[in-house]
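**Q** Single-letter residue listing:
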Amino acid sequence: AQSVTQLGSHVSVSEGALVLLRCNYSSSVPPYLFWYVQYPNQGLQLLLKYTTGATLVKGINGFEAEFKKSETSFHLTKPSAHMSDAAEYFCAVSDQDNYGQNFVFGPGTRLSVLP
Amino acid sequence: DAGITQSPRYKITETGRQVTLMCHQTWSHSYMFWYRQDLGHGLRLIYYSAAADITDKGEVPDGYVVSRSKTENFPLTLESATRSQTSVYFCASSWVNQPQHFGDGTRLSIL
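Chain order of the listed sequences is P and A.
Residue numbers are given in the working numbering: position 62 of the first sequence equals residue 62, and the series is strictly consecutive.
Position in the second sequence counted from 1, then plus 1000, gives you the working numbering.
Mixed in with the good hints, there may be bad ones.
Facing chain P, a subset of chain A residues (Cβ under 10 Å, in silico) [claimed, not checked]:
hint : residue
1    : Arg1009
2    : Ile1012
3    : Gln1037
4    : Leu1043
5    : Tyr1048
6    : Ser1094
Note that these hints are calculated values from the structure, not bench results.
Every residue gets a Cβ at the ideal spot worked out from N, C-alpha and C, and that includes glycine.
Here chain P stands alone, though its shape is the one from the complex (with noise of 0.2 Å):
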């Protein structure tokens, strides 16, 4: 069973400031990883995902994510905070077998972007 865990259920930082969010995920077999973003009252939207290849993913709005394979890990960085990055931050594991239907969301992570 596959399992996504992200530390840090709300963060904040200041405008201009590094962004970290941290996600481990647990998988028996290779994964896929995703991060989505989720504004209020709105759906989730992609913001990058690794499958295969290059291990340093670029998404979009600035954010960039690396796969640790020894880490079991998939942080999401930006370099600079932006006020409208605020909103609530999701890691997602699927495995390469089941792909459409094995989807495994992380608890989430509320990001703050302080003045």
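Please arrange chain A on chain P, whose structure you already have, making use of the hints.
**A** Showing chain A alone in chain P's frame:
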């Protein structure tokens, strides 16, 4: 416009009532999903469908019924609503081996 739409966006009902949440997608995605989102639990899969007339249970299926007679529609029915089913419900769709696309959700309150 192409996309995935959920209706209604907000619903208030009483315990014991039947309620149906609608989901419609215009991409002809083969896969469709229903999740519920609760504080502290993230998103939990209720049911999913790999194609028309093919559905399967997710993590928390009890108390819910789904059908998929057409590729583009995937309604979720609570046959006899309970207070524990108060939640925000999200529908999603995807191609095989592609990320899921989400609707804007239905906020359901059961009194």
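**Q** Would you mind marking each hint as holding or not holding in the structure?
**A** Hints versus structure:
no.	hint	result
1	Arg1009	holds (9 Å)
2	Ile1012	violated (16 Å)
3	Gln1037	holds (9 Å)
4	Leu1043	holds (4 Å)
5	Tyr1048	holds (5 Å)
6	Ser1094	holds (6 Å)
In summary, the one numbered hint that this structure violates is 2.
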